[in-house]
Amino acid sequence: MFHVSSIVAGANRMIDVIALTKVYQDGSMGRFVAVDRVHFHVAAGEIFGLLGANGAGKTTLLRILATMLRPTSGTVRVGGYDVEDSSSEVRRRIGFVSNNTAIYDRMTAEEMLAFFGKLNGLDGDRLRDRTESLMETLRMNEFRKCPGAKLSTGMKQKVSIARALIHDPPVLIFDEATLGLDVMVARNLLQVIRQLRDAGKCLIFSTHIMSEVEKLCDRVAIMHRGRILDCGTLSDLGSRHGHRDVEELFFSLVTNHDRSVLSDSVLQGAG
Amino acid sequence: MSDQDASERFRWSAVRLIYAREMRDQLRDRRTLFTILILPLLLYPLIGSVLMQVTQFSNQPVMKIAVIGNENLVDVPILVEAIEPELGPDDTESGDAKEDLYDQSKTVVVQSHEAVSTEYRFADGLVTSHQQMRMTLFRTSEFGDQARIDQVTARWIADGVYDVVLKIPERLGDASGVSDQSGVSLVYNAVSGTSNSAAATVNTALQAWKNRWVQQSLKGLGIGEAVLQPFEVSLADIAKPHARQTLFWSKLLPMVMLIWAMTGAFYPAIDMVAGEKERGTLETLLCSPALRGEIVLGKLATVTTFSMLTAVLNTISMLSTGAMVFSQIGIGEPAVMPLWIVVLLLAAMFPLSIIFSGIALGLSAMARSSKEGQYYLMPMMMAIIPFVVLPSMPGISLNIGTSLIPVTGMFLFVRSLIESNYATALVHLPMIAGVTIACAALVVRWTMRLFENESVLFHGGQPFNPGRMLDSIRENRQTYAKPNQAYALAVVILVGLFFGRLMFSGVPDGVSGFAKMVLGPQVGMILLPSLIIAAVCTRRMRIGLRLRMPTWNVLLFSVVLGFAIHPAYMLLTRWVMVAYPVSESAMAAMRPLTDQMAATPWIYLVLLMAVVPAVCEELAFRGFMFGGLLRDRQPFRAILVTAVLFGVSHGVLQQSISATVMGFLLGWIAWRTGSVLPTILIHTINNTLSVSLPSIAEMDLPGKSFIFETTGDQFAYQPMWCLMCITFSMAIMVIFGSLNPNADEQSSLQEDDAQSLANSQNTITYKLAPGTH
Chain X
54 MFHVSSIVAG
64 ANRMIDVIAL
74 TKVYQDGSMG
84 RFVAVDRVHF
94 HVAAGEIFGL
104 LGANGAGKTT
114 LLRILATMLR
124 PTSGTVRVGG
134 YDVEDSSSEV
144 RRRIGFVSNN
154 TAIYDRMTAE
164 EMLAFFGKLN
174 GLDGDRLRDR
184 TESLMETLRM
194 NEFRKCPGAK
204 LSTGMKQKVS
214 IARALIHDPP
224 VLIFDEATLG
234 LDVMVARNLL
244 QVIRQLRDAG
254 KCLIFSTHIM
264 SEVEKLCDRV
274 AIMHRGRILD
284 CGTLSDLGSR
294 HGHRDVEELF
304 FSLVTNHDRS
314 VLSDSVLQGA
324 G
Chain F
2 MSDQDASERF
12 RWSAVRLIYA
22 REMRDQLRDR
32 RTLFTILILP
42 LLLYPLIGSV
52 LMQVTQFSNQ
62 PVMKIAVIGN
72 ENLVDVPILV
82 EAIEPELGPD
92 DTESGDAKED
102 LYDQSKTVVV
112 QSHEAVSTEY
122 RFADGLVTSH
132 QQMRMTLFRT
142 SEFGDQARID
152 QVTARWIADG
162 VYDVVLKIPE
172 RLGDASGVSD
182 QSGVSLVYNA
192 VSGTSNSAAA
202 TVNTALQAWK
212 NRWVQQSLKG
222 LGIGEAVLQP
232 FEVSLADIAK
242 PHARQTLFWS
252 KLLPMVMLIW
262 AMTGAFYPAI
272 DMVAGEKERG
282 TLETLLCSPA
292 LRGEIVLGKL
302 ATVTTFSMLT
312 AVLNTISMLS
322 TGAMVFSQIG
332 IGEPAVMPLW
342 IVVLLLAAMF
352 PLSIIFSGIA
362 LGLSAMARSS
372 KEGQYYLMPM
382 MMAIIPFVVL
392 PSMPGISLNI
402 GTSLIPVTGM
412 FLFVRSLIES
422 NYATALVHLP
432 MIAGVTIACA
442 ALVVRWTMRL
452 FENESVLFHG
462 GQPFNPGRML
472 DSIRENRQTY
482 AKPNQAYALA
492 VVILVGLFFG
502 RLMFSGVPDG
512 VSGFAKMVLG
522 PQVGMILLPS
532 LIIAAVCTRR
542 MRIGLRLRMP
552 TWNVLLFSVV
562 LGFAIHPAYM
572 LLTRWVMVAY
582 PVSESAMAAM
592 RPLTDQMAAT
602 PWIYLVLLMA
612 VVPAVCEELA
622 FRGFMFGGLL
632 RDRQPFRAIL
642 VTAVLFGVSH
652 GVLQQSISAT
662 VMGFLLGWIA
672 WRTGSVLPTI
682 LIHTINNTLS
692 VSLPSIAEMD
702 LPGKSFIFET
712 TGDQFAYQPM
722 WCLMCITFSM
732 AIMVIFGSLN
742 PNADEQSSLQ
752 EDDAQSLANS
762 QNTITYKLAP
772 GTH
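From first to last, the protein sequence lines stand for chains X and F.
With the first sequence counted from 1, adding 53 to any position gets you the numbering used here.
With the second sequence counted from 1, adding 1 to any position gets you the numbering used here.
Check before you lean on any hint, since a few could be wrong.
Which chain X residues face chain F? A few, computed with CB under 8 Å, are given here [unchecked claim]: (1) Met121; (2) Tyr157; (3) Phe169; (4) Lys171.
Distance windows between CB atoms, simulated [claimed, not checked]: (5) Ser205/X x Leu391/F: 49 to 59 Å; (6) Arg312/X x Val496/F: 54 to 64 Å; (7) Asp138/X x Arg29/F: 36 to 46 Å.
A short list of chain X residues far from chain F (calculated; beta carbon distances all over 10 Å) [unchecked claim]: (8) Arg123; (9) Asn153; (10) Thr154; (11) Glu164; (12) Asn173; (13) Gly177; (14) Asp182; (15) Thr184; (16) Glu189; (17) Gly207; (18) Arg280; (19) Val307; (20) Asp311; (21) Arg312.
Hints in this document: simulated from the structure, not taken from any laboratory.
All residues carry an ideal CB built from backbone N, CA and C; glycine is no exception.
Here chain X stands alone, though its shape is the one from the complex (with noise of 0.2 Å):
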């Protein structure tokens, strides 16, 4: 049935998330709504970004995504398969990039390939080869020996990269992967992620940095509070909320929504 729907909805969308919900309930802070009737699509060949502020839900979105969370209510699909019902096709279909490198330290770069090549399914010559072609790409034939603790920050974010990529997934999910990172090695990362978009992939990728946005992303969701507040092109956001630079047009948003709110709760309180 989701196949159908894919098929109606467009054959390259890669990513639907329809009126996604996620609320945490906790013993000490009570009930938190961390993603509050979200709702976009990304198609395949498209770097789809996703701008907020820390706490603004992005990455309880992006693990839900991942299947790591499960929607409290909504439907999530990856390449047509629900998140809920199908996990571990969505998993299959995902390269998962997260700000902590999360490299094994007591692992080799090889190793680490090799092993999620392996739960992949992955194996002999084409696990082999793919693992080359990465090694090659990435620039990480120099320390594929070195054990995980051994790394500098620049080449364990290769290596998770190249994990993410080994069983060439067509979406990718990038939570804050720059963050941490220097100048050259950001640039580095923001270069493979326009290539992997021209190699047809249907990239996600989350940041609270205003200039990453503008340099790489087709199409941007302005996230705050767990809501979406509007998602666009850029030249479409600047031109209905009157802003060019993108870090005038957050600020307008996030402020404009805060007093919405604020007025709201005024009024319910008055009511």
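Model the placement of chain F on the given structure of chain X, informed by the hints.
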């Protein structure tokens, strides 16, 4: 949908892959390697060498002995002799000493001049100990009177001037042999270790000396030594060589192995879950195609491997160094541990190791960091150690009760095999295997659930706060208990009864003692926990305990069924007695109890043996627990579980079997009638009939022979009557089966479910809860 099924299929290859990675990862970790491999290899030789050094140095302190009144011994075998033969005991007197003695100063360091320069010892052959001793002699006359002697010697011992004082009264050595004095006395301090051992040494010397004296006297009377030794006892030990050492090790080893198995499980588990959480690598694993179950099993296998490895290496190291050290010190011969016992222990360890590994993984999953994980080690050890120590306690042996205790049962089983009690061991094997497998399955399932639980994995769970936990239980109170609350009550009751029975055991003293023995466990360990937990966890206690009023018809049928089912129950208990006969010793042990029962007035008996147990047990098992378990919508499972728990709570195998069977019936009735009252009635009537039969047998009632038959002192229902009753019972059960009075129970359950849904999903679904829109 078919490709969805294929994608969620469990792959053992993924488990193997994760296992291989985790093993490699852990083996590359220096800390893990140190605790698993290096520590055991170094630890025991190190402890051994330290032990040997210590024993060499502190081996034997010089024993300080004071002898008062050696001069009183005349014409008897020599007790004390000077090492320099020219100085006899008579020369010990000294002026300095005298003055010191009568000085009332607090320290009574009295040493006569000669005592220091002249050395004395017990006569040749009296002392077997190699310990060095320094002996000081005093004359009785040096002290003045007897009271003064007592005063001074007491102070000597208290101040540690001497370890032991030997006092010989004046007329002990009288040739007449008649002494009006009490004999020699030893003053020592039982609290002091050195004083104790000194007293023991001196006492041995005195015994040997006494024997010499007796022999000398007999010789004087012309009687030969043969009179004293009419025969000799030769001891023939049929135990295999080293059997005692083997037994010693077989008691000690399980304990040591278990503790190492726990330690060995814990550190890798923390690193593998809490550590990976910290480093962020768990996240990457969770968004790989591996299923949660595959991840858990792969990690569990790794932790179990390390747990077993630690246990095995420590055992080997401990046994080999232990044998060497003990033989060096001379405490015992090198212990020979037959290989089959070691193999057996390892086989027994394996499932326990899985259990610990599962617990360690689960705890580690709840920790937010590896540091927090470390804090959980102690509580886990503390919780498990009683089960480990229990088997080595005196008087604990394998029986139906102990075989049902996890861990303990397994080790008692191993011990039974070592002691060659194969029959006992095999009889209990199914129970032990069942309990162990059930525990392992529960632990693995618990761990899997934790890994499915996103709030545990991504928010690290909440720090444990009993107050908040209680608050949240009270806030979420529902009409019926939740299944886990039902299980919690079962655990509380079973553990409580175990200790309750120990507390209230022994021969009851009169009716009040008997009442205490029944009421203690029943009210204290069954009723009270049920009421408390029901008050805390459910909204209305009456409903939570399923005290719903059924129709009068149902109550009437229940009364009739109570009478009608009794013959079948009697048949059952008799069959159980034939299948599992009660041993003679158990019968003898129960005799005081049965005597007491016979002496108790009938009305008390009915109250204590029928009404109280019926009310307490039914409220707990068919009330609170059953209500909670019904929440799963699987009534037959609820009936089965409560019946088995009800049976286990009886503690004695024979009672347990019949109680379990009765439990099925009572559970079914409780389900059909939706209330606990019918089962209370049936339970009461059944128990009343059981305790009343002997008195009914003595009565001369008309038509008694139609119902009962008496063969010798056996007393039973007539076969015809049994048949009638069973038919009648079935008819009533058909009626109960046709009832559908649990309709309002169903609606309450739905209400509860709606509330839980509302609690978890809030905004979107709260409008669905009845009564709120």
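Hint by hint, here is what the structure shows:
1. Met121: 5 Å, holds
2. Tyr157: 6 Å, holds
3. Phe169: Holds: closest Cβ of chain F sits about 6 Å from phenylalanine 169/X, inside 8 Å.
4. Lys171: At 5 Å from the nearest chain F Cβ, lysine 171/X passes the 8 Å test, so the hint holds.
5. Ser205/X x Leu391/F: 49 to 59 Å: Holds, at about 55 Å.
6. Arg312/X x Val496/F: 54 to 64 Å: Given range 54 to 64 Å: holds, Cβ gap about 59 Å.
7. Asp138/X x Arg29/F: 36 to 46 Å: 39 Å, holds
8. Arg123: Contrary to the label, arginine 123/X does not stay out of reach of chain F, its closest Cβ about 6 Å off (not over 10 Å).
9. Asn153: With a cut-off of 10 Å, asparagine 153/X comes too close to chain F, as the shortest Cβ separation is near 4 Å.
10. Thr154: Nearest chain F Cβ is 7 Å from threonine 154/X, so the label is violated.
11. Glu164: Check fails; 8 Å does not lie beyond 10 Å.
12. Asn173: Its Cβ does come within 10 Å of chain F, the nearest being 6 Å, so this is violated.
13. Gly177: Correct as stated: the minimum Cβ-Cβ distance to chain F is 14 Å, above 10 Å.
14. Asp182: Non-interface label on aspartate 182/X holds, nearest chain F Cβ at 20 Å vs cutoff 10 Å.
15. Thr184: 16 Å, holds
16. Glu189: Glutamate 189/X is indeed farther than 10 Å from all Cβ atoms of chain F, at 23 Å.
17. Gly207: Given a closest Cβ separation of 17 Å, the condition holds.
18. Arg280: 14 Å, holds
19. Val307: Non-interface label on valine 307/X holds, nearest chain F Cβ at 23 Å vs cutoff 10 Å.
20. Asp311: Since the minimum Cβ distance to chain F is about 21 Å, aspartate 311/X lies beyond 10 Å and the statement holds.
21. Arg312: 23 Å, holds
In the structure shown, a violation is registered for the earlier hints numbered 8, 9, 10, 11, 12, in ascending order.
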